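Novice: So you can see what is in the structure, the chains are spelled out below.
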Amino acid sequence: MSKPLPVRIRALALAATLAAGALAAGPAAAQQKVIRFIPEADLRAIDPIWTTAYITRNHGYMVYDTLFATDGKFQIQPQMVDKWEVSPDKLTYTFTLRDGLKFHDGQPVRAADCIASVVRWSKRDVLGQKLDEMTESWTAVNDKTFRLKLKKPFPYVLEALGKPSSNVPFIMPERVAKTDPFQQISDPTGSGPYRMVKEEWVPGNKVVYVKNTDYVPRKEAPSWAAGGKVVKVDRVEWLYIPDSATAAAALNSGEVDWWQQLPPDLIPVLSKNKDVKIENTDPLGSIGLIRFNQLQPPFNNAKLREAVLYIVNQQDYAIGIAGDPKNGKPCASYFTCGTPLANSAGSAVLTGKRDFDKAKQLIKESGYKGEKIVVLDATDQPIVHPQALITTEILRKAGLNAELQAGDWGTLITRRSSKEPVEKGGWSIFHTWFVGPDLTTPALNTPLRGAGEKSWFGWPTDAKMEALRDQWFAAPDLAAQKKIAEQMQARAFEMVPYIPTAQFIIPTAYRSNLAGILVSPMTLMWNVEKK
Amino acid sequence: MFAYFVKRVLATIPVMGVVALFVFSLLYISPGDPAAIIAGDIATDEDIARIRANLGLDQPYLVRFGAWLWALAHGDLGVSIFTNLPVSLLIAQRIEPTLALTLCTLVVTVLVAVPVGVIAAWRAGTWVDRVVMGFSVLGFSLPVFVFAYLLIMLFSIQLGWLPVQGYVSIREGWWPFLRHMILPSVALGTVYMALIARITRASSSSPAWW
Numbered sequence: 005m006s007k008p009l010p011v012r013i014r015a016l017a018l019a020a021t022l023a024a025g026a027l028a029a030g031p032a033a034a035q036q037k038v039i040r041f042i043p044e045a046d047l048r049a050i051d052p053i054w055t056t057a058y059i060t061r062n063h064g065y066m067v068y069d070t071l072f073a074t075d076g077k078f079q080i081q082p083q084m085v086d087k088w089e090v091s092p093d094k095l096t097y098t099f100t101l102r103d104g105l106k107f108h109d110g111q112p113v114r115a116a117d118c119i120a121s122v123v124r125w126s127k128r129d130v131l132g133q134k135l136d137e138m139t140e141s142w143t144a145v146n147d148k149t150f151r152l153k154l155k156k157p158f159p160y161v162l163e164a165l166g167k168p169s170s171n172v173p174f175i176m177p178e179r180v181a182k183t184d185p186f187q188q189i190s191d192p193t194g195s196g197p198y199r200m201v202k203e204e205w206v207p208g209n210k211v212v213y214v215k216n217t218d219y220v221p222r223k224e225a226p227s228w229a230a231g232g233k234v235v236k237v238d239r240v241e242w243l244y245i246p247d248s249a250t251a252a253a254a255l256n257s258g259e260v261d262w263w264q265q266l267p268p269d270l271i272p273v274l275s276k277n278k279d280v281k282i283e284n285t286d287p288l289g290s291i292g293l294i295r296f297n298q299l300q301p302p303f304n305n306a307k308l309r310e311a312v313l314y315i316v317n318q319q320d321y322a323i324g325i326a327g328d329p330k331n332g333k334p335c336a337s338y339f340t341c342g343t344p345l346a347n348s349a350g351s352a353v354l355t356g357k358r359d360f361d362k363a364k365q366l367i368k369e370s371g372y373k374g375e376k377i378v379v380l381d382a383t384d385q386p387i388v389h390p391q392a393l394i395t396t397e398i399l400r401k402a403g404l405n406a407e408l409q410a411g412d413w414g415t416l417i418t419r420r421s422s423k424e425p426v427e428k429g430g431w432s433i434f435h436t437w438f439v440g441p442d443l444t445t446p447a448l449n450t451p452l453r454g455a456g457e458k459s460w461f462g463w464p465t466d467a468k469m470e471a472l473r474d475q476w477f478a479a480p481d482l483a484a485q486k487k488i489a490e491q492m493q494a495r496a497f498e499m500v501p502y503i504p505t506a507q508f509i510i511p512t513a514y515r516s517n518l519a520g521i522l523v524s525p526m527t528l529m530w531n532v533e534k535k
Numbered sequence: 188m189f190a191y192f193v194k195r196v197l198a199t200i201p202v203m204g205v206v207a208l209f210v211f212s213l214l215y216i217s218p219g220d221p222a223a224i225i226a227g228d229i230a231t232d233e234d235i236a237r238i239r240a241n242l243g244l245d246q247p248y249l250v251r252f253g254a255w256l257w258a259l260a261h262g263d264l265g266v267s268i269f270t271n272l273p274v275s276l277l278i279a280q281r282i283e284p285t286l287a288l289t290l291c292t293l294v295v296t297v298l299v300a301v302p303v304g305v306i307a308a309w310r311a312g313t314w315v316d317r318v319v320m321g322f323s324v325l326g327f328s329l330p331v332f333v334f335a336y337l338l339i340m341l342f343s344i345q346l347g348w349l350p351v352q353g354y355v356s357i358r359e360g361w362w363p364f365l366r367h368m369i370l371p372s373v374a375l376g377t378v379y380m381a382l383i384a385r386i387t388r389a390s391s392s393s394p395a396w397w
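Chains as they are written, first to last, in my numbering: chain A, 5 to 535; chain B, 188 to 397.
The hints are simulated quantities; they were obtained by calculation from the structure and are not laboratory data. As the structure is a prediction and not an experimental result, all values here were calculated from the model. Treat the hints with care, since some could be wrong.
Stated by the list, open to error - Derived lysine to any residue pairs resembling SDA-like cross-links, with alpha carbons at most 20 Å apart:
1) A:K278 <-> B:R195
2) A:K368 <-> A:E498
3) A:K202 <-> B:R358
4) A:K215 <-> A:A225
5) B:K194 <-> B:G204
6) A:K106 <-> A:V220
7) A:K281 <-> A:L270
8) A:K202 <-> B:T270
9) A:K106 <-> A:N146
10) A:K210 <-> B:Y248
11) A:K202 <-> A:V237
12) A:K182 <-> A:L270
13) A:K364 <-> A:I398
14) A:K210 <-> B:L277
15) A:K202 <-> B:W255
16) A:K77 <-> A:A225
17) A:K210 <-> B:E359
18) A:K364 <-> A:I394
19) A:K202 <-> B:V355
20) A:K127 <-> B:G347
21) A:K278 <-> B:Q345
22) A:K423 <-> A:N304
23) A:K37 <-> B:E359
24) A:K202 <-> B:L272
25) A:K182 <-> A:V123
26) A:K428 <-> B:S275
27) A:K276 <-> B:T231
28) A:K134 <-> A:K155
29) A:K276 <-> B:Q345
30) A:K486 <-> A:D474
31) A:K362 <-> A:E310
32) A:K210 <-> B:Y354
Claimed, not checked - Examples of chain A residues toward chain B, derived with CB under 7 Å:
33) R48
34) F186
35) Q188
36) S190
37) V206
38) P207
39) N256
Idealized CB from N, CA, C, for every residue including glycine.
Please build the complete structure, drawing on both the sequences and the hints.
Specialist: What follows is the structure in structure tokens.
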């Protein structure tokens with residue numbers, strides 16, 4: 005026969021029940037429209053001029069506005085600018101701001117703010133530096149009008165000011181924009197459609213934005229970063245959830261509304277939920293690439309880089325990165341496929357039959373003596389990791405002494421800045437990716453440059469490529485630009501500054517009560533409504 | 188007792204010193220250049236040198252270590268290179284959730300493990316005892332992250348009772364706070380529940396103390 009539960013235990017159970025009932029009466033949820041969003045990465049830096057990180061660029065689009073913007077037809081449209089004039093000699097540009105522009109602190113946006121912002125940006129950005137080189141002066145005519153004087157005609161002024169991806173020339177208050185471009189700002193005051201609530205920012209966890217009620221959108225329909233930026237919710241919370249299984253559960257349960265980048269292996273899982281939509285909102289996708297260290301052996305030898313061209317199968321990389329063939333495809337152009345300068349010059353070496361015998365012959369001709377090839381891997385980075393595995397495998401198959409060195413993405417971006425030989429912590433190959441807009445033109449395509457130690461990590465030297473780039477800047481029209489872009493690409497397939505591996509998209513997933521998500525290479529959060 | 192306490196505290200100082208030296212040295216010998224990373228993809232050598240000087244990274248190792256120790260001794264943990272926020276603020280932001288989770292895990296563990304252990308002792312040798320001890324073995328064996336996913340699947344996705352993730356401060360209400368604490372506390376407390384339930388059963392099974 006069982007004994008009854010002791011009185012003390014029964015009392016405890018009763019107390020627990022009463023307490024639970026009392027606790028259930030929490031404060032009623034606020035009636036605000038809030039979008040809870042899982043971004044691609046943690047927002048660690050808030051200065052989109054100081055860093056090129058895409059997460060910081062996306063933050064920039066939340067809180068700042070731009071003078072011009074690129075639309076979905078690759079056309080430059082005015083954004084903060086109302087009207088502008090170009091002198092007949094094409095040396096003077098006069099810009100007038102539209103009415104109603106205000107910063108989050110209530111101060112009007114003035115010409116001085118725009119000048120200080122553009123000048124700071126032009127010290128850091130690749131196209132900005134070119135504009136800076138061509139600039140004689142920036143002058144404020146009055147509070148709403150300012151003038152740019154050039155040393156010689158530069159046909160890319162508006163393209164520079166409407167540059168869609170990192171670094172974007174966002175407009176900040178003059179007091180903020182006066183900060184040294186190599187020092188990060190700490191004040192997120194902008195004039196964009198959202199305002200950052202800095203007090204609620206917890207790096208590694210949460211970023212909060214509220215609607216900027218003073219923002220005056222343009223009348224035009226939104227198209228990429230151009231057109232009317234109409235905010236249809238009160239608040240947006242970016243919740244950084246690094247564990248993809250937890251993120252999937254949060255979206256499945258309706259706890260979050262939108263997951264920016266859905267890992268390919270979770271597509272089948274979330275597809276089963278009828279309340280979740282999975283879409284491709286990025287029309288250009290991203291481009292993966294293999295980058296060689298040209299300062300150190302063995303890839304300081306062009307023949308060896310050429311050998312790798314013959315064994316890279318872009319289809320393998322596309323599947324490795326995107327998982328589903330629908331989300332990845334070969335792109336054998338050094339300019340983003342689907343954009344005006346994409347072409348096929350010299351690309352047969354990458355699109356033809358994969359030829360290990362030819363590669364082995366080139367390796368032999370290169371004088372390769374079995375030097376160790378260090379391939380950096382970032383196992384926590386789903387775009388980098390499969391590329392590193394595939395590359396290591398094909399290099400070994402071709403008889404090269406490839407060693408995969410696994411670490412995390414943070415370690416990779418630290419190590420890739422090392423110019424030392426592999427024995428002293430250096431590297432031979434790393435993989436990364438660029439979003440489509442970043443590789444559309446020679447002005448933007450950073451890894452294509454051949455400026456030696458001033459080039460991007462890998463530091464190729466190629467005077468001919470640099471000369472072609474200068475010619476491109478002087479090209480009078482699109483036809484001439486295309487012709488030079490073809491020559492640059494043919495040269496790239498000879499010198500192999502990097503190898504494009506695949507063009508891929510990472511779909512976005514959101515609850516079906518969201519509507520109006522814009523199709524754009526950047527994740528933009530205006531026009532989105534929550535029903 | 189006080190003398191013992193002081194002695195123990197003093198003994199930790201050289202240990203902390205060695206740990207600080209070790210960690211600082213590890214960062215120092217790591218390959219790569221923080222200034223180059225901060226400078227970005229298109230910076231010139233002069234730009235990188237400027238950043239290096241701004242951060243004091245051009246100073247010799249001992250000078251940097253000394254400066255860091257001196258600032259630390261004055262309660263200055265510096266500013267994060269990436270977030271540009273004071274390191275002390277970043278730590279402070281994490282103290283509340285850490286303490287809350289620790290406390291809730293302790294409470295949940297004791298609230299579950301002690302009564303269950305007592306019941307097992309009380310029904311020693313019966314099926315109740317065997318079930319409790321069986322779950323206790325499972326609690327030891329099941330990795331926390333697997334158990335956490337199972338909890339999420341049941342209570343968040345299937346039943347929709349509790350949130351999958353996140354933290355809400357107690358200042359925003361008891362119930363929102365507890366709702367976010369229950370699953371992580373239970374997940375983290377499982378191993379301890381299993382341990383304490385077994386200890387309680389063992390220590391309660393001899394005389395009928397109630």
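Novice: Would you mind confirming whether the straight-line C-alpha gap from K194 of chain B to G204 of chain B stays at or under 20 Å?
Specialist: Between K194 of chain B and G204 of chain B the Cα gap is close to 16 Å, so the pair holds against 20 Å.
Novice: Could you grab the alpha-carbon distance between K182 of chain A and V123 of chain A and see if it respects the 20 Å cut-off?
Specialist: Between K182 of chain A and V123 of chain A the Cα gap is close to 9 Å, so the pair holds against 20 Å.
Novice: For K202 of chain A and L272 of chain B, compute the direct alpha-carbon distance and say whether it is at most 20 Å.
Specialist: Status holds; Cα separation ~11 Å.
Novice: CA of K202 of chain A to CA of W255 of chain B, is that 20 Å or under?
Specialist: Judged against 20 Å, a Cα distance of about 28 Å means the pair is violated.
Novice: Taken at face value, is the distance from the CA of T231 of chain B to the CA of K276 of chain A at most 20 Å?
Specialist: violated (51 Å)
Novice: Please verify whether K106 of chain A and N146 of chain A have alpha carbons no more than 20 Å apart.
Specialist: holds (16 Å)
Novice: Is K215 of chain A within 20 Å of A225 of chain A, Cα to Cα?
Specialist: holds (19 Å)
Novice: If you draw a straight line from the CA of K210 of chain A to the CA of Y354 of chain B, is it 20 Å or shorter?
Specialist: holds (10 Å)
Novice: For the pair supplied as a hint, K202 of chain A and T270 of chain B, confirm whether the alpha-carbon distance does not exceed 20 Å.
Specialist: holds (12 Å)
Novice: Check whether the Cα positions of K37 of chain A and E359 of chain B lie no farther apart than 20 Å.
Specialist: Measuring from Cα to Cα gives roughly 18 Å; hence the hint holds.
Novice: Assess, step by step, whether the Cα of K210 of chain A is no farther than 20 Å from the Cα of Y248 of chain B, and give holds or violated.
Specialist: The hint is violated at about 36 Å.
Novice: Double-check R48 of chain A for me: the hint is only fine if its C-beta lies closer than 7 Å to a C-beta in chain B.
Specialist: Holds: closest Cβ of chain B sits about 4 Å from R48 of chain A, inside 7 Å.
Comparing the model with each earlier hint shows violations of hints 1, 10, 12, 15, 20, 26, 27; every other hint is respected.
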